[in-house]
Amino acid sequence: MADSEALELTATSNPYLSFYREFVKDHPRELTTVFDPRLSDEVRSEMYSALDVEVAMKYSWAIPDERALQIIKHYGPIVEMGAGSGYWARLLQLRGVDIVAYDLHVAGNEEEDENESEEKNVGKTTTTSGEESLGETEGTQGSGGEEADEELDEEDQEENHEESEDENEEEVEIEQVYWTEVIKGTPKDLRKHADRALFLCYPDDFEDSHESMAMASLCNYAGDTVIHVGELFGQTLCLPGAWGRTSSEEFQTHLATVYHKVLQVPLPSWHSSMDTLTVWKRTKSSIMDGALYAYIPEEEHLDLAAASSSTRHLLLLGNTHAEEDCGHDNKEETQR
Numbered sequence: 001m002a003d004s005e006a007l008e009l010t011a012t013s014n015p016y017l018s019f020y021r022e023f024v025k026d027h028p029r030e031l032t033t034v035f036d037p038r039l040s041d042e043v044r045s046e047m048y049s050a051l052d053v054e055v056a057m058k059y060s061w062a063i064p065d066e067r068a069l070q071i072i073k074h075y076g077p078i079v080e081m082g083a084g085s086g087y088w089a090r091l092l093q094l095r096g097v098d099i100v101a102y103d104l105h106v107a108g109n110e111e112e113d114e115n116e117s118e119e120k121n122v123g124k125t126t127t128t129s130g131e132e133s134l135g136e137t138e139g140t141q142g143s144g145g146e147e148a149d150e151e152l153d154e155e156d157q158e159e160n161h162e163e164s165e166d167e168n169e170e171e172v173e174i175e176q177v178y179w180t181e182v183i184k185g186t187p188k189d190l191r192k193h194a195d196r197a198l199f200l201c202y203p204d205d206f207e208d209s210h211e212s213m214a215m216a217s218l219c220n221y222a223g224d225t226v227i228h229v230g231e232l233f234g235q236t237l238c239l240p241g242a243w244g245r246t247s248s249e250e251f252q253t254h255l256a257t258v259y260h261k262v263l264q265v266p267l268p269s270w271h272s273s274m275d276t277l278t279v280w281k282r283t284k285s286s287i288m289d290g291a292l293y294a295y296i297p298e299e300e301h302l303d304l305a306a307a308s309s310s311t312r313h314l315l316l317l318g319n320t321h322a323e324e325d326c327g328h329d330n331k332e333e334t335q336r
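Numbering (the UniProt record's numbering), first residue to last: 1 to 336.
In short, the hints are calculated from the structure, not lab data. Be aware that one or more of the hints could be misleading.
As the list claims (entries may be wrong) - List of simulated lysine to any residue pairs, SDA-like, C-alpha gap at most 25 Å:
1) Lys-188 - Thr-283
2) Lys-73 - Cys-238
3) Lys-58 - Glu-8
4) Lys-58 - Leu-104
5) Lys-261 - Tyr-178
6) Lys-261 - Ala-291
7) Lys-58 - His-27
8) Lys-261 - Glu-299
9) Lys-188 - Ser-248
10) Lys-184 - Met-57
11) Lys-192 - Val-43
12) Lys-188 - Asn-220
13) Lys-73 - Asn-220
14) Lys-73 - Val-279
15) Lys-184 - Glu-299
16) Lys-58 - Glu-42
17) Lys-25 - Ala-291
18) Lys-25 - Glu-46
19) Lys-281 - Pro-240
20) Lys-281 - Glu-300
21) Lys-73 - Ser-285
22) Lys-58 - Glu-46
23) Lys-73 - Ala-291
24) Lys-192 - Cys-238
25) Lys-25 - Val-43
26) Lys-284 - His-301
27) Lys-73 - Phe-19
28) Lys-73 - Glu-298
29) Lys-261 - Glu-8
30) Lys-281 - Cys-219
31) Lys-58 - Cys-219
32) Lys-73 - Gly-185
33) Lys-261 - Gly-76
34) Lys-25 - Val-265
35) Lys-73 - Ala-307
36) Lys-284 - Arg-67
37) Lys-58 - Asp-98
38) Lys-73 - Thr-276
39) Lys-261 - Ser-4
Generate the whole structure from the sequences, applying the supplied hints.
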């Protein structure tokens, strides 16, 4: 069931993008300079605290803009794995997109998910209980001179308990909105949807498992088109890993091996991410002299030119002959 706020959305609504733009307007420096090493810790902390990361829990980790939504619409119908709150799915539905949205956890199944988590931890608790008992025994065998330390430990425990209560209170305050119906499912459900383009938005969080849901999704998907939203290799601010924090290294390697990228556009991003929307088409291949080669149609070759604002002028260097060749080709095309 969608929340009341979700029912107020229209075909042009995008409250998350509106929130982001308002934030950028009110805090023009925070997003661009918060990690500048020249800032003092106090200033950086103040900037960072102004960034409301809880809003991502309400909407989505990635921020959709209209161009991204229209690109996804172009490749419809869509099947999404890891839909979360269903925010992207709802905006797409309102724009006429046929989309089936899945997630491992859905609204109304919180208690069931907690029970599953507890069952997984039963074995772990059993194996560690002996060690904990041993630790308690050793603690009781200490001399009377350790009583002061025990009192300090009790004080620390009380402080930690108070801190945990504060954290729990903060967690309760997070507003969780479900924007559309998301079906409880696993990557295996993708086997039923080879006729749809696969949409993955921040697919790996590794909160519930060290296994990559994104990788499992690729292995179970037999279709031709993958749309990925998040960070990719070399496009991240989270160090030291170069693969970003939205999908695993193995997923990105497999994606670039089995598919080829045909489109990439930037997305509005928060302070700690460099999000893009990329579209990938399944690659055909051939074998020659024992080596495997990819066949990428000419119309699907990605433009490899890329530059920052500080180096963009260098793209114009030495292009006189290239421009002449381009003009010659255009002239021949016109004559035909």
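Hints, one by one, checked against the model:
1. Lys-188 - Thr-283: 22 Å, holds
2. Lys-73 - Cys-238: It is violated: about 30 Å lies between the C-alpha atoms, which goes past 25 Å.
3. Lys-58 - Glu-8: Roughly 15 Å separates the two Cα atoms, so the pair holds.
4. Lys-58 - Leu-104: 17 Å, holds
5. Lys-261 - Tyr-178: 31 Å, violated
6. Lys-261 - Ala-291: OK: Lys-261 and Ala-291 at ~22 Å, within 25 Å.
7. Lys-58 - His-27: Within the cut-off at roughly 21 Å; holds.
8. Lys-261 - Glu-299: 12 Å, holds
9. Lys-188 - Ser-248: 18 Å, holds
10. Lys-184 - Met-57: Roughly 19 Å separates the two Cα atoms, so the pair holds.
11. Lys-192 - Val-43: Given that 25 Å is the threshold and the Cα spacing comes to 52 Å, the pair is violated.
12. Lys-188 - Asn-220: 6 Å, holds
13. Lys-73 - Asn-220: 23 Å, holds
14. Lys-73 - Val-279: This hinted pair holds, its Cα atoms lying about 12 Å apart.
15. Lys-184 - Glu-299: 38 Å, violated
16. Lys-58 - Glu-42: 28 Å, violated
17. Lys-25 - Ala-291: Since the Cα atoms of Lys-25 and Ala-291 sit roughly 54 Å apart, the hinted pair is violated (cutoff 25 Å).
18. Lys-25 - Glu-46: Answer holds: Lys-25 to Glu-46 is near 17 Å, not above 25 Å.
19. Lys-281 - Pro-240: Since the Cα atoms of Lys-281 and Pro-240 sit roughly 30 Å apart, the hinted pair is violated (cutoff 25 Å).
20. Lys-281 - Glu-300: 9 Å, holds
21. Lys-73 - Ser-285: Roughly 28 Å between the alpha carbons, so the hint for Lys-73 and Ser-285 is violated.
22. Lys-58 - Glu-46: Answer holds: Lys-58 to Glu-46 is near 23 Å, not above 25 Å.
23. Lys-73 - Ala-291: Answer violated: Lys-73 to Ala-291 is near 37 Å, above 25 Å.
24. Lys-192 - Cys-238: This hinted pair is violated, its Cα atoms lying about 35 Å apart.
25. Lys-25 - Val-43: Cα-Cα ~19 Å, so holds.
26. Lys-284 - His-301: 13 Å, holds
27. Lys-73 - Phe-19: 23 Å, holds
28. Lys-73 - Glu-298: This hinted pair holds, its Cα atoms lying about 24 Å apart.
29. Lys-261 - Glu-8: Violated, at roughly 36 Å.
30. Lys-281 - Cys-219: Distance of about 15 Å is within 25 Å: holds.
31. Lys-58 - Cys-219: 30 Å, violated
32. Lys-73 - Gly-185: Between Lys-73 and Gly-185 the Cα gap is close to 23 Å, so the pair holds against 25 Å.
33. Lys-261 - Gly-76: Holds, at about 17 Å.
34. Lys-25 - Val-265: Holds - the C-alpha atoms of Val-265 and Lys-25 are around 22 Å apart, at most 25 Å.
35. Lys-73 - Ala-307: 28 Å, violated
36. Lys-284 - Arg-67: 29 Å, violated
37. Lys-58 - Asp-98: 23 Å, holds
38. Lys-73 - Thr-276: 16 Å, holds
39. Lys-261 - Ser-4: 38 Å, violated
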